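> Sequence:
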Amino acid sequence: MFLLAARRSRAAAQRILPSKAVTATRSMSFLDQIFSYGEKPSAPAVAGSSGFQLALLGYISLTMCPVDSLQAILKKDPSFLMGHILVGASEYLHPRLHSESLDAPRRLATAKSLLDQASAPEKLHVRALDALVSGRFREASLIYETLLREDCTDLLALKCAFDVYSILGDKRNMLDTISRVLPQLPSSHPGYSHVLALQAFGLQERGDFAAAESLANRAMSMNDEDAGAFHALLHIYECQGKHQDGSSVVMRHQDAWSTFSVLRSHVYIHWIFFLIETGRFDRVLQLLKNEVFVPNELLSANVLSDLTQVYWRLRFAGYDTPDILADLDGQWQAVISDVGAVPLTPLAALHAHVRGLNPSYLPTTMSQSITSLARPQEASLLPVQSASAFTSNAAALEAELGTRVLPFSHGLPGQVELDVIATLKDALTAYGKGQYNDVVEKLLAVRGLVHVVGGSLVEAEMFEILLIDAARCSSQFDVARLILNERINVKPQSAQYWKTYGDILEELHDEEGVDGARRMSYVLGLGQAGTSAA
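In our numbering, the protein residues as written are 469 to 1002.
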């Protein structure tokens, strides 16, 4: 499948690469020049450009890691600037191992050393990568939008802008940055289906699941190896609680996605979420051990964030996993030690905040409660989010770059983002101390603003799970029931939510409701196939 995907991507690249040099009859765009459109092709540029196009399409579609696909080209031509930029951006935004994250600043340094011969757009890409790798996410978004205004076919700028908006929790601009470009992008463009896949993901983040599913299927019909469209489908199913549909599509397409080097580990996380819904915990542990954790390797903050989500969901489902907890604690400590070199995203910083088990506050009467991962006594040692992540000075940047800068994305007044992050960290610390009433109060206070810490709707659900559990642990069963009413309305096919609903109704002495909720959880698959079924 990987070879098939590579052939298709190569064929797509060849469709826009002339077999011989031709004389340009129009103004060349930035990517035209990179991909060897037009005149004055030199041997290194042509070889590098062809491979760059293949690597770029592979990255945009989430099937190929640029560090691998560009390895031979960069070895042959170490001065290929855009190659280093693509690798650096991918290593910061989609790393699997922490070593890849640490390599991103080195790629930036290499790119800066090559600026003397760089074109204006290349210099903008280096400037954007500098902002990205330094954790100045809003500033990075301004530069990527400037690149897109000059050349709507710059798919690297488009993908980076999309991912940066996700980091910032700016779901409107995740979708709008695609909408601003798509009308100018011909459907014959080799990356067109990948852009549709991004649009599908943006739609589902805005809650338009029907339109998102239709668009994701359209993208996959155009290119059945489009991992981005497949990823959007998994989020659509998870957000609606359609774990049976999700598991089915994962297993049906396993031969394909098992070759997606960028996305493969994350697809296993989605599969694990679906399996947790039906209580297949032995299978979950098997996948974690064999497919997600890497022996003798330190995972990236991205993957550790995924695994932290898995841990919370397992605890919420009543399944204790001390071995996973110990692995997470050790790996987070190592990643945090390098935070000066590689700043964490706001969401990753929150996940890093929940480290180490505090057993003295384990609820004894709520045996199926999530337990605390927080180490309250070490809170001062954890990374603090910088205000520069959310702020930018468009006027100063415009003066520096010498071109107009349009700030589509804006921070909230008064640095509300930092207040939300601080409140969420306080809530997690309170959970670690067993102060569950405080947890409920703090989570309710910022519930409508949780999106500013970034991540997807799937990731934001963790805070809903914590709120429900804290309400239960503090005997605020009426609050827990109200939140569960909301969640079941969104995810009516969630077996775990129905089971928890039954537990809460039991505390409220609603015997008829308990019976109905537990029957529903069983009908939806919880407990039907044991703990180890696939």
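Just to be clear, a hint being listed does not mean it is correct.
Unchecked claim - Listed next, the in silico EDC-like pairs over lysine to aspartate or glutamate satisfying Cα-Cα at most 20 Å (straight line):
1. Lys893 - Glu909
2. Lys901 - Glu927
3. Lys580 - Asp598
No lab work stands behind these hints, which were simulated from the structure alone.
As the structure is a computational prediction, the values presented were derived from the model and not from experiment.
> It remains to establish, for every hint, whether it holds in the given structure.
To see whether the hints hold, each was checked on the structure:
Of the pairs offered as hints, the one joining Lys893 and Glu909 holds, with about 13 Å between alpha carbons and a cut-off of 20 Å not exceeded. Taken as a hint, the Lys901 and Glu927 pair is broken in the structure, with Cα atoms around 24 Å apart against an allowance of 20 Å. Proximity of Lys580 to Asp598 is assessed by CA-CA distance (about 9 Å); at most 20 Å being required, the pair is judged to hold.
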